[in-house]
Amino acid sequence: MARDATLEVIRAAYRKLAKKHHPDLNPGDAKAEARFKRLSAAHQLLTDPVKRARFDSGEIDAEGAETPRPGFYRDHAEGPSGYRYAPEGEDEPDLGSMFGAMFGERRGRRNAGPRHGEDRRYSLTAPFLDAVNGASTRLTLPDGRTLDVRIPPATADGATLRLRGQGGAGGGRAGGEGGVPGDALIEITVAPHAFFRRDGADIRLDLPVTLAEAALGGLIDVPTPGGPVRMRVPAGSDSLTQLRLRGRGVPAHGQHAAGDLIATLRVTIGTPDPALIAFLQGFTPEHKMNPRQAMEATA
Amino acid sequence: MIGIELVIAEITGLTAPDLERWINNDWVRPQGPAGAYLFQDIDVARVRLICELRFDLRIDEETLPVVLMLLDQIYGLRRELRQQRSGALPPAPARA
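Order-wise, the sequence lines are chains A and X. Under my numbering, think of the first position of the first sequence as 1, with each following residue one higher. Under my numbering, think of the first position of the second sequence as 1, with each following residue one higher.
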């Protein structure tokens with residue numbers, strides 16, 4: 001700063017630096033207090049005409065103007081008295097759960113209550129239909145205990161179930177008594193199914209049909225997660241035709257309505273019957289059809 | 001604990017109307033009824049901080065509550081962290 005800097009310039013420079021170095025704005029920086037004290041001292045010295053004159057003439061050094069400063073707000077704010085200014089409406093659980101998730105360990109409670117035991121993680125592979133329809137299963141833990149796990153309907157692959165109180169024992173930090181046990185977190189892997197595939201709330205299925213069923217139409221039995229359902233195939237259905245059975249997908253759960261079963265037809269010839277071969281050999285269509293017409297047109 | 005006159009006397013540049021307005025804004029929360037406020041050390045330190053923000057750093061009173069709210073959140077987090085590290089703090093005093 002220039003020797004002849006005006007009071008305005010000095011004050012502006014001070015404000016700029018003070019915003020950066022004020023200890024209460026830098027609670028985690030132990031050196032901020034020392035920097036701010038030097039800054040305040042310099043500011044006090046330079047804005048006091050008498051002291052500045054003495055400083056400029058070399059009578060006093062830069063420390064000469066330092067006056068003891070009472071404690072900063074940060075000296076109090078992190079202690080118990082700081083709760084008086086805790087943000088309104090925002091209470092423990094939010095912070096606690098955040099830290100719990102960050103550090104993955106048991107957390108203390110503000111009210112010095114019993115400590116939580118640790119959460120334990122397990123994984124469980126569920127059959128496809130159990131995950132869709134819901135099921136109860138028994139899980140044997142590494143320590144020999146067994147857990148009855150209720151898989152809710154519509155459980156997705158990768159979902160985590162929380163079983164309250166089935167994790168590590170609670171108690172003091174040394175594992176004492178009287179604490180709240182932690183939870184068991186069970187990550188579900190859904191095994192693939194031989195022919196069902198899950199698509200959100202819908203279940204997809206490739207459905208083989210015979211040539212006669214596709215050409216003539218008719219009623220066929222279709223497997224669904226809830227058991228076979230009779231469905232009408234319209235006459236003249238091609239392969240890849242999609243038929244939808246409303247409400248026969250993932251069952252309704254909570255606020256969610258049931259999904260649909262979407263069957264994609266696959267016309268299956270298999271080993272041709274001699275009668276069919278004989279028929280086709282003598283067969284002359286009334287309207288000749290070329291199913292590859294669109295391809296030839298663009299090729 | 002000290003009364004409002006002592007706080008005003010102790011902090012240079014602070015006037016009674018300023019401090020009373022800040023109390024009404026809930027930026028400072030002394031104990032006791034209006035007219036017989038009692039200030040703890042943390043309250044005095046907070047008044048001093050608000051003074052410095054307001055007068056030295058020239059943060060106007062429109063912006064100040066935002067700064068205070070963010071500061072209170074930071075100190076809340078740090079308090080929480082400290083508690084996580086050291087086990088349990090003494091129970092929180094009931095808010096007046």
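FYI, nobody ran anything at the bench for these hints, they're computed from the structure. Careful: at least some of the hints might be erroneous.
[Claimed, not checked] Computed list of chain X residues with no C-beta within reach of chain A, every gap over 10 Å:
no.: 1; residue: PRO17
no.: 2; residue: ASN24
no.: 3; residue: ALA34
no.: 4; residue: ALA36
no.: 5; residue: ALA45
no.: 6; residue: GLN73
no.: 7; residue: ILE74
no.: 8; residue: GLY76
no.: 9; residue: ARG79
[As the list claims (entries may be wrong)] Straight-line C-alpha distance at most 25 Å; calculated DMTMM-like pairs for lysine to aspartate or glutamate:
no.: 10; chain 1: A; residue 1: LYS31; chain 2: X; residue 2: ASP26
no.: 11; chain 1: A; residue 1: LYS31; chain 2: X; residue 2: ASP72
no.: 12; chain 1: A; residue 1: LYS51; chain 2: X; residue 2: GLU10
no.: 13; chain 1: A; residue 1: LYS31; chain 2: A; residue 2: ASP4
no.: 14; chain 1: A; residue 1: LYS37; chain 2: X; residue 2: ASP41
no.: 15; chain 1: A; residue 1: LYS20; chain 2: A; residue 2: GLU59
[Claimed, not checked] Computed footprint of chain X on chain A; a stretch qualifies when at least three of its residues, placed anywhere within it, have a C-beta under 8 Å from a C-beta of chain X:
no.: 16; stretch: 70-79
no.: 17; stretch: 131-142
Backbone N, C-alpha and C fix where the C-beta goes; we use that ideal spot for every residue, glycine too.
Each hint, compared with the structure:
no. : hint               : verdict
1   : PRO17              : holds, 22 Å
2   : ASN24              : holds, 16 Å
3   : ALA34              : holds, 17 Å
4   : ALA36              : holds, 18 Å
5   : ALA45              : violated, 4 Å
6   : GLN73              : violated, 6 Å
7   : ILE74              : violated, 6 Å
8   : GLY76              : violated, 5 Å
9   : ARG79              : violated, 5 Å
10  : A:LYS31 to X:ASP26 : violated, 31 Å
11  : A:LYS31 to X:ASP72 : holds, 21 Å
12  : A:LYS51 to X:GLU10 : holds, 23 Å
13  : A:LYS31 to A:ASP4  : violated, 30 Å
14  : A:LYS37 to X:ASP41 : holds, 20 Å
15  : A:LYS20 to A:GLU59 : violated, 30 Å
16  : 70-79              : holds (count 10)
17  : 131-142            : violated (count 0)
Comparing the model with each earlier hint shows violations of hints 5, 6, 7, 8, 9, 10, 13, 15 and 17; every other hint is respected.
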